[in-house]
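Novice: The primary structure of each chain is shown beneath.
Protein chains: 2
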Amino acid sequence: MERYAVGADIGGTAVKLGLFSEEGGLLDRWETKTRQEDSGAHILEDTAESIRRQLERHGVQLQALRGVGVGVPGAVMQSSIVNRCVNLGWGVKNVAQELSALLDGIPVTVGNDANVAALGEMWKGGGQGCDNMVMITLGTGVGGGIIVGGRILPGRFGAAGEIGHMCMNPDEKAVCGCGKNGHLEQYASATGITRMAALYLEEHPQQQTCLRALAQPTAKDIFDAARGEDPAGLQLAEQLGDMLGRAMAAVSCVIDPDLFVLGGGVSRAGQILLDIVGRYYRHYAFHASEETPIVLAQLGNDAGIYGAVRQILQ
Amino acid sequence: MERYAVGADIGGTAVKLGLFSEEGGLLDRWETKTRQEDSGAHILEDTAESIRRQLERHGVQLQALRGVGVGVPGAVMQSSIVNRCVNLGWGVKNVAQELSALLDGIPVTVGNDANVAALGEMWKGGGQGCDNMVMITLGTGVGGGIIVGGRILPGRFGAAGEIGHMCMNPDEKAVCGCGKNGHLEQYASATGITRMAALYLEEHPQQQTCLRALAQPTAKDIFDAARGEDPAGLQLAEQLGDMLGRAMAAVSCVIDPDLFVLGGGVSRAGQILLDIVGRYYRHYAFHASEETPIVLAQLGNDAGIYGAVRQILQ
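Going down the list, the sequences are from chains A and B. Numbering follows this note's numbering, with no gaps: position 64 of the first sequence is 64. Count along the second sequence from 1, then add 314; that gives the number in this note's numbering.
You may find that some hints are simply not true.
With the C-beta cut set under 8 Å, the calculated list includes, among others, these residues of chain B facing chain A [what the hints assert, rightly or not]:
{"hint": "1", "residue": "Asn446"}
{"hint": "2", "residue": "Val462"}
{"hint": "3", "residue": "Gly464"}
{"hint": "4", "residue": "Ala473"}
{"hint": "5", "residue": "Ala474"}
{"hint": "6", "residue": "Tyr514"}
{"hint": "7", "residue": "Leu515"}
{"hint": "8", "residue": "Ala563"}
{"hint": "9", "residue": "Val565"}
Every beta carbon over 12 Å from chain B, so not counted as near; a handful from chain A, in silico [as the list claims (entries may be wrong)]:
{"hint": "10", "residue": "Ser39"}
{"hint": "11", "residue": "His42"}
{"hint": "12", "residue": "Pro73"}
{"hint": "13", "residue": "His165"}
Hints were generated in silico from the structure; no laboratory data involved. Small disclaimer: the values here were computed from a predicted structure and weren't measured. Beta carbons are placed, not taken as given, at the ideal position from N, Cα and C, and that holds for glycine.
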């Protein structure tokens, strides 16, 4: 019997799903809406239902699935129990057990979404060939995933890879989403760099810059400006690179990975981001780790389904 | 045939050795002088010779050894090749192969000394029962060892666990032993806190403190003063706790370990160190990891031979 596996990347607005061959080929990709009502009580039912329907369409028996790998936006313990997903309305929930029960006992493995994306990039994206790597996702927040020996390192409290909450500036007065101060996320996320731009424009009222015409400069606006040698754009890109490069140097002092992969919306800045972050990384890194490669993510929004299914197919 | 293993902790002044039963019992402990002449060319010969002599004394055949585990003060690749041990005079050296050849082909496994000490503490010391832990050695420098899944995480360039070289203060003008600036080691090592004491006394000429009578206050002097509520002693202990607690919080954002073990000379301060560091750790840590236990090392100078041999007996 030919066998298959499904990857499910559960997000706040949609559940992205992929049907994979046992060899890891992506056969089909589809989505279903995330129903947040009733504290997210229907999300797993909807996901199971959607998997059953799609398998039917492909003429694949449920029992031909080796399993379903899941990514969720929250902390995960022992590859099954989720401890609070604010975006989904979940508290403590045994996602592996519940989803498995909805799918006639098919094995289910669960990981945090940032960790799962890292696993996807290791398997089929920017990190191919690296068993020990770190992916940093520069999106609304800053997420991270740590891969050691080809597998997700979840950490005792499911908090491994929470690089966005590394304290970079103990004197910072502004508060991070998590309630503490001076975290990397406050400087290097999409919202962080927009915040820094507003501060910069306020503190430099005389500085001529194309950013001043914009109501709220985005990461794209800022890196476009930097590419055009706009002084404010350059300064803001350097600030982000300094914070992120220093945080990555700290990561290397802990696990000295084979490679860093940068993903998320801010990483669409591309080469200019790699150049600036790489320069600060080498400046701050312990000499032995100065040459660690830094590359861009390659799978975009598909990293989640690839990584989710990899938990089953590894 | 009863089987045995040897742990060898090669340091700049002495090679510490231990003969262990296969079950991990320490049967005998001895030392031999580290001969640094000729770029350390005789160290492995001397070590092999010393092992042969001691085995003879115990009536143990060389072939009854499952192997020799070694710790060295330098970066180690693939559990065998050392890349520069300044204290021993070594450049790139295949220690596993050379020592094995001197011992009739007995298997030899090599690890960095801080990593090996961490493995020892996990096995028989403060970290028992923890498969994922971090040991931080507060000695002349600040060393660290990372254990993931019960094994040493060496890192791509042998630099995993180099927590002493995490940049805590990018504005620091004073230079670390490694040539870069603002590293944890400059604040939290035995030499670091002595340096900070000199600065403090210079910057607070009016402050009455028992430390002023001392030519060069040691970590012990400073923590003794803090215990006696001496204002300078308290201030310096808090400074160290702040830096170390913040660095440990950063470590938790990367690997979220089960436990931290503090060792080395500075850790002899004991409970007061745990109290202060723990307070700052909780202040800076991502909320999920706030309760990570912090304990003292238990094996002292024997951590090296225990950890060295554990590489063979795991």
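Novice: Does each hint fit the structure? Answer for all of them.
Specialist: Going through the hints against the structure:
{"no.": "1", "hint": "Asn446", "verdict": "holds, 7 Å"}
{"no.": "2", "hint": "Val462", "verdict": "holds, 5 Å"}
{"no.": "3", "hint": "Gly464", "verdict": "violated, 12 Å"}
{"no.": "4", "hint": "Ala473", "verdict": "holds, 4 Å"}
{"no.": "5", "hint": "Ala474", "verdict": "holds, 4 Å"}
{"no.": "6", "hint": "Tyr514", "verdict": "violated, 19 Å"}
{"no.": "7", "hint": "Leu515", "verdict": "violated, 24 Å"}
{"no.": "8", "hint": "Ala563", "verdict": "holds, 6 Å"}
{"no.": "9", "hint": "Val565", "verdict": "holds, 5 Å"}
{"no.": "10", "hint": "Ser39", "verdict": "holds, 21 Å"}
{"no.": "11", "hint": "His42", "verdict": "holds, 27 Å"}
{"no.": "12", "hint": "Pro73", "verdict": "holds, 14 Å"}
{"no.": "13", "hint": "His165", "verdict": "violated, 4 Å"}
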